[in-house]
Amino acid sequence: MKLPSFLSGIRGKLIAIFVLIKVVPLVLLAWFAWHAAQQLGEDVSVKAGGMADAMLDSIKTVGKTVTDDSIRALDLRSREAIEALTTDAAKEIASFLYDRDRDIRLAAGIELSDASFRHFLGERNRPIYQHGAWHLAEDGKSWVPEKAIERTAKVTRPVLPDNARDFHSRPPEYFGEAEQRPLFVEMTYIDLAGQEKIKVTSGNLTEKGLKNVVDRSNTFVKAETYFAELKKLKPGEIYVSDVIGAYVPTQFIGPYLPATLEKAGKPFQPTESAYAGTENPVGKRFRGIVRWAMPVVKDGRISGYVTLALDHDHIRQFSDRLMPTEERYTPIADAIKGNYAFLWDYKSRSISHPRDYFIVGYDPQSGLPATPWLDEELYAEWQQSGKPSHEFLAATPSFREQNLNKKPAKALAKAGTVGLDCRYLNFSPQCDGWNALTEHGGSGSFVIFFSGLWKLTTAAAIPYYTGQYGKTPQGFGFVTIGANVDEFHKAATETAGKINTLLAEKDNSFKSQRGAMLDDIQRSLTSTAIGLWGSTALMVLLVIGIAVWMANLLTGRITRMISGIRAFQQGDRQHRLDAGSADEMGELARSFNQMADSVEESFTRLEEAKEKAEEASRLKSAFLATVSHELRTPLNGILGFAELLNAELSDPAQKEYASIIQGSGEHLLKLVSEILDLAKIEAGEMTLNPIDLPLADFIRETTANHRSSAQAKGIQLTEEVAGGLPATLQVDPTRLRQLLNNLLSNAIKFTVRGSVTLSVERFEQQIAFAVRDTGPGIAPEHQQAVFEKFKQLEHFLTREHGGTGLGLAIVRQLAEHMGGHVRLESTLGIGSTFTIYLPLENKHD
Amino acid sequence: MTERQALVVDDHPTNRLLAIALLKKLGWTVAEAESGELALQLAERLAPRLVLLDISMPGLSGEETCSRLRQLPGGAQMRIIAYTAHAFQEERERFLAAGFDDILVKPINRQHLAELVNGA
Numbered sequence: 001m002k003l004p005s006f007l008s009g010i011r012g013k014l015i016a017i018f019v020l021i022k023v024v025p026l027v028l029l030a031w032f033a034w035h036a037a038q039q040l041g042e043d044v045s046v047k048a049g050g051m052a053d054a055m056l057d058s059i060k061t062v063g064k065t066v067t068d069d070s071i072r073a074l075d076l077r078s079r080e081a082i083e084a085l086t087t088d089a090a091k092e093i094a095s096f097l098y099d100r101d102r103d104i105r106l107a108a109g110i111e112l113s114d115a116s117f118r119h120f121l122g123e124r125n126r127p128i129y130q131h132g133a134w135h136l137a138e139d140g141k142s143w144v145p146e147k148a149i150e151r152t153a154k155v156t157r158p159v160l161p162d163n164a165r166d167f168h169s170r171p172p173e174y175f176g177e178a179e180q181r182p183l184f185v186e187m188t189y190i191d192l193a194g195q196e197k198i199k200v201t202s203g204n205l206t207e208k209g210l211k212n213v214v215d216r217s218n219t220f221v222k223a224e225t226y227f228a229e230l231k232k233l234k235p236g237e238i239y240v241s242d243v244i245g246a247y248v249p250t251q252f253i254g255p256y257l258p259a260t261l262e263k264a265g266k267p268f269q270p271t272e273s274a275y276a277g278t279e280n281p282v283g284k285r286f287r288g289i290v291r292w293a294m295p296v297v298k299d300g301r302i303s304g305y306v307t308l309a310l311d312h313d314h315i316r317q318f319s320d321r322l323m324p325t326e327e328r329y330t331p332i333a334d335a336i337k338g339n340y341a342f343l344w345d346y347k348s349r350s351i352s353h354p355r356d357y358f359i360v361g362y363d364p365q366s367g368l369p370a371t372p373w374l375d376e377e378l379y380a381e382w383q384q385s386g387k388p389s390h391e392f393l394a395a396t397p398s399f400r401e402q403n404l405n406k407k408p409a410k411a412l413a414k415a416g417t418v419g420l421d422c423r424y425l426n427f428s429p430q431c432d433g434w435n436a437l438t439e440h441g442g443s444g445s446f447v448i449f450f451s452g453l454w455k456l457t458t459a460a461a462i463p464y465y466t467g468q469y470g471k472t473p474q475g476f477g478f479v480t481i482g483a484n485v486d487e488f489h490k491a492a493t494e495t496a497g498k499i500n501t502l503l504a505e506k507d508n509s510f511k512s513q514r515g516a517m518l519d520d521i522q523r524s525l526t527s528t529a530i531g532l533w534g535s536t537a538l539m540v541l542l543v544i545g546i547a548v549w550m551a552n553l554l555t556g557r558i559t560r561m562i563s564g565i566r567a568f569q570q571g572d573r574q575h576r577l578d579a580g581s582a583d584e585m586g587e588l589a590r591s592f593n594q595m596a597d598s599v600e601e602s603f604t605r606l607e608e609a610k611e612k613a614e615e616a617s618r619l620k621s622a623f624l625a626t627v628s629h630e631l632r633t634p635l636n637g638i639l640g641f642a643e644l645l646n647a648e649l650s651d652p653a654q655k656e657y658a659s660i661i662q663g664s665g666e667h668l669l670k671l672v673s674e675i676l677d678l679a680k681i682e683a684g685e686m687t688l689n690p691i692d693l694p695l696a697d698f699i700r701e702t703t704a705n706h707r708s709s710a711q712a713k714g715i716q717l718t719e720e721v722a723g724g725l726p727a728t729l730q731v732d733p734t735r736l737r738q739l740l741n742n743l744l745s746n747a748i749k750f751t752v753r754g755s756v757t758l759s760v761e762r763f764e765q766q767i768a769f770a771v772r773d774t775g776p777g778i779a780p781e782h783q784q785a786v787f788e789k790f791k792q793l794e795h796f797l798t799r800e801h802g803g804t805g806l807g808l809a810i811v812r813q814l815a816e817h818m819g820g821h822v823r824l825e826s827t828l829g830i831g832s833t834f835t836i837y838l839p840l841e842n843k844h845d
Numbered sequence: 001m002t003e004r005q006a007l008v009v010d011d012h013p014t015n016r017l018l019a020i021a022l023l024k025k026l027g028w029t030v031a032e033a034e035s036g037e038l039a040l041q042l043a044e045r046l047a048p049r050l051v052l053l054d055i056s057m058p059g060l061s062g063e064e065t066c067s068r069l070r071q072l073p074g075g076a077q078m079r080i081i082a083y084t085a086h087a088f089q090e091e092r093e094r095f096l097a098a099g100f101d102d103i104l105v106k107p108i109n110r111q112h113l114a115e116l117v118n119g120a
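Residue numbers (our numbering), protein chains in the order written: chain U, 1 to 845; chain G, 1 to 120.
Since the hints were derived computationally from the structure, they do not count as laboratory data. The C-beta atom is built at its ideal place from N, Cα and C for all residues, glycine as well. Check each hint, because a few of them may be wrong.
[What the hints assert, rightly or not] The list that follows gives simulated cross-link-like pairs (lysine-lysine, DSS-like), each with its CA atoms no further than 30 Å apart: (1) G:K25 <-> U:K655; (2) U:K410 <-> U:K263; (3) U:K387 <-> G:K24; (4) U:K670 <-> G:K24; (5) U:K284 <-> U:K234; (6) U:K410 <-> U:K222; (7) G:K24 <-> U:K655.
[Stated by the list, open to error] Some chain G residues well away from chain U (every beta-carbon gap over 10 Å; in silico): (8) E32; (9) A47; (10) G59; (11) P107.
[What the hints assert, rightly or not] Distance ranges between label pairs, derived from CB positions: (12) G:E90 <-> U:Q711: 30 to 38 Å; (13) G:E3 <-> U:E788: 52 to 60 Å; (14) U:E607 <-> G:E64: 57 to 65 Å; (15) G:R94 <-> U:P690: 17 to 25 Å; (16) U:A613 <-> G:R94: 21 to 29 Å; (17) G:E64 <-> U:E719: 41 to 49 Å; (18) U:Q570 <-> G:D102: 46 to 54 Å; (19) G:D102 <-> U:T626: 20 to 28 Å; (20) U:A622 <-> G:D102: 18 to 26 Å; (21) G:G27 <-> U:L645: 39 to 47 Å.
Between the sequences and the hints, there should be enough to build the whole structure, so can you do that?
This is how it looks when you write it as structure tokens:
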């Protein structure tokens with residue numbers, strides 16, 4: 001992997017290492033801190049939320065438990081109160097009825113006369129409480145009292161502080177407008193044949209004429225059959241009849257209002273329809289009687305019977321005014337609210353109800369029981385039977401499979417004959433329930449969902465056991481009170497509602513608090529993040545800054561050192577590094593300085609030596625030039641004038657002498673030249689001036705210079721230039737000529753007969769100039785010596801051959817100076833070959 | 001420019017004598033000078049066609065004299081030949097660079113001189 005260029009230097013690496021070992025942990029730490037803070041925030045949020053939820057849950061649970069318990073407690077308490085109210089009402093009724101037993105006993109003992117009877121009845125009155133006049137409201141949607149009744153508690157004395165807590169006062173109880181009404185509507189004396197002998201009536205409910213009661217049609221609503229029962233009485237025994245009255249049908253079940261009647265398709269005639277409390281306060285009332293009878297005993301024998309017909313309204317008073325609410329009593333029942341009391345006789349027939357059309361009665365035309373309300377099923381069966389209803393029902397089991405799923409017979413509802421006979425009211429299972437509670441004389445209650453309301457319904461047997469009522473523990477019958485359960489625990493449900501509202505508010509408040517807390521946490525986290533990352537970034541920058549600074553500090557010294565070394569390298573040999581510090585860098589600088597010192601010294605010495613050498617060389621050159629000059633100057637006169645003399649002398653002997661002078665001078669000149677050449681080569685003063693030399697021409701010219709001397713000796717001189725050679729040769733022509741001349745002149749000089757050949761050929765990367773002769777050859781032991789100065793072979797006299805003794809030395813030294821060398825191959829008696837090898841390489845440069 | 005007028009300049013009398021003898025044999029009218037200064041005066045007067053000029057002389061050196069001769073009227077057409085015992089190659093090059101037309105290295109011979117001056 002290639003590092004980025006800024007990292008390649010020590011500085012970059014130092015920075016990178018610094019950043020790596022400082023910044024990475026820093027960032028990691030920051031990250032951990034941030035992560036932990038975030039985790040903490042999340043935990044706090046979740047836990048806070050959980051706590052809030054748990055708190056709300058517990059409050060809800062507690063609230064629900066408390067409310068449920070309260071409801072339950074209130075329900076139980078209400079139940080107890082209503083049950084008590086029921087049993088109290090039953091007891092009162094029983095007590096009232098027993099009072100009537102006393103009345104009949106008294107009546108059986110008084111004088112049998114109209115006056116006596118009238119007096120008897122006149123003494124027996126009791127208040128009947130009834131509401132005032134009501135009329136249809138102007139909007140026709142309800143019935144309203146003509147006179148509103150205001151009931152306010154009156155407390156005129158200051159409430160003492162000790163009594164102030166829950167000081168609760170009620171106005172006097174209001175049952176309605178009181179009317180003193182005779183208890184009995186009729187008092188009769190009947191003889192043993194059933195003929196009424198004395199008859200006193202009050203009011204006009206019963207007929208005033210004396211009749212024989214054996215005939216039903218002569219009785220109240222033609223329904224009484226009591227005479228047969230009277231006959232069975234023994235002296236002192238009392239007969240008490242059922243409740244007997246004409247059935248009052250209704251045109252509509254429910255609030256009797258113009259709109260509802262119109263909807264039912266019936267004329268709005270409230271006074272023609274049955275009374276129904278607030279639903280129809282102007283309706284026709286059910287009027288009934290309960291007849292008491294007792295034998296009149298005269299002289300130990302039953303002489304006749306006294307009867308008292310109790311006005312049924314007095315019984316109703318016990319239930320009609322009752323309210324199972326804090327109102328306690330009402331002048332008018334409001335059936336639709338579900339809070340009302342009713343009475344049932346020993347056969348579970350309704351004998352008192354806020355809706356009079358629910359009270360069973362008799363058809364006043366026939367004296368037969370009016371058809372009660374049946375469920376659809378039973379109604380259908382009855383319709384199929386074709387019998388009168390009382391006959392059909394007499395053969396029908398009571399309380400047959402009562403349950404709420406059964407439907408009331410619509411036809412009966414429409415006909416308006418809806419008397420409630422619990423035995424056949426099979427869509428009302430509470431009938432069965434009431435009987436279950438009361439058939440053994442007890443009381444109790446249950447809750448049932450009926451007519452769209454949860455109702456507590458109580459029942460208590462009326463403990464009145466006279467006559468026929470003594471046959472079962474249920475006695476006279478039973479009182480039931482229906483109460484709207486929700487009203488019992490209204491307070492508790494209101495409390496529950498309040499708690500729920502409170503909880504909702506709390507929940508909202510918690511939510512908003514939690515939201516605020518979460519926001520706070522988020523804000524805190526954000527500021528933590530900014531702080532954390534900000535300080536981390538700052539520290540990272542600081543670390544990088546320090547890293548850069550330290551790296552600069554460290555590498556600055558290195559780079560200063562490098563530039564110092566470079567300066568030194570580039571020639572500033574006086575340059576020294578700052579070796580002030582005691583650390584390794586200082587040590588390095590000191591080492592370098594020492595080295596520089598010795599290098600400088602060496603350089604100085606070298607330069608001095610060079611200067612000396614150059615000086616020496618210069619002196620040597622000057623000396624050589626001077627020697628050459630000074631030797632040649634006199635030689636000029638010697639040689640010049642000897643030549644002149646030779647030309648101008650005519651005496652052969654003198655001419656000879658002049659020639660000798662000239663020859664000796666030339667020898668001396670040659671010697672001088674060669675000595676100087678050697679001296680120059682050895683002194684390194686021989687400079688070469690290579691040019692592109694045309695090879696073939698050069699060889700031809702060189703050979704030509706020796707042709708005359710060769711011919712003079714009768715020697716054949718040939719040249720051989722091989723192929724594959726370059727046309728030109730990069731060489732100093734003067735020196736190459738000097739080499740070849742020396743070799744050729746030697747060869748010609750030492751060859752007596754035969755030939756001398758100059759051949760040129762390529763030898764590897766060299767050019768080989770070979771001069772081959774057919775001379776005497778050189779013995780192997782002398783082959784080295786021939787190249788030494790003044791070492792001409794002993795048997796070749798220098799003088800004889802005119803050589804200087806320097807020719808081959810020059811050849812060898814010059815060849816080597818030109819980058820080549822010389823080789824000698826020679827065989828005694830056959831000849832010698834001197835070959836000069838020169839490099840070819842630089843010929844093309 | 002005087003036809004066949006030569007001037008030999010050399011501080012060495014023998015060498016001057018030799019050159020004069022040889023030039024005369026070749027048919028030249030020869031004047032001589034023993035120094036560069038004298039040579040300049042003579043040359044100005046004689047306007048020689050050929051000058052044999054020694055290099056190493058007391059006073060003006062041969063090279064200096066050559067360059068001054070070249071500055072004379074007709075100096076550029078003068079054939080000035082170095083007549084010197086300086087035989088080294090580098091010295092020869094120096095003389096040619098100094099304005100000499102050719103070089104005659106001592107010791108001279110008649111044939112060589114004749115070849116050289118014949119070109120003049």
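Within 46 to 54 Å: is that where the Cβ-Cβ distance between Q570 of chain U and D102 of chain G falls? holds (48 Å)
Q | Outcome of range test on Cβ distance (A613 of chain U, R94 of chain G; 21 to 29 Å) | A | holds (23 Å)
- Message: So if I understand the rule, the pair passes when the alpha-carbon distance is 30 Å or less; does K25 of chain G with K655 of chain U pass?
- Response: Cα-Cα ~19 Å, so holds.
A cut-off of 10 Å on Cβ-Cβ distance, and G59 of chain G was said to be off the interface with chain U. Does that hold?
holds (17 Å)
*asked:* Holds or violated: K24 of chain G and K655 of chain U, Cα atoms, limit 30 Å.
replied: holds (22 Å)
Self-check item: Least C-beta distance between P107 of chain G and chain U, which was stated to exceed 10 Å
Solution: violated (4 Å)
query = In this structure, is the beta-carbon distance linking E90 of chain G and Q711 of chain U contained in 30 to 38 Å?
reply = holds (37 Å)
task = Mind checking the alpha carbons of K670 of chain U and K24 of chain G for me, to see if they're no more than 30 Å apart?
result = OK: K670 of chain U and K24 of chain G at ~28 Å, within 30 Å.
Falls inside 17 to 25 Å, the C-beta gap from R94 of chain G to P690 of chain U? holds (19 Å)
>> Between the alpha carbons of K284 of chain U and K234 of chain U, is the straight-line distance 30 Å or under?
In response: This hinted pair is violated, its Cα atoms lying about 40 Å apart.
Given the range 39 to 47 Å, decide if the beta-carbon distance of G27 of chain G to L645 of chain U lies inside it. For L645 of chain U against G27 of chain G, whose Cβ atoms are near 20 Å apart, the range 39 to 47 Å is violated.
With respect to the beta-carbon atoms only, verify the hint that E64 of chain G and E719 of chain U lie 41 to 49 Å apart.
holds (46 Å)
In summary, the structure is inconsistent with hints 3, 5, 11, 14 and 21 from the numbered list given earlier, while agreeing with the others.
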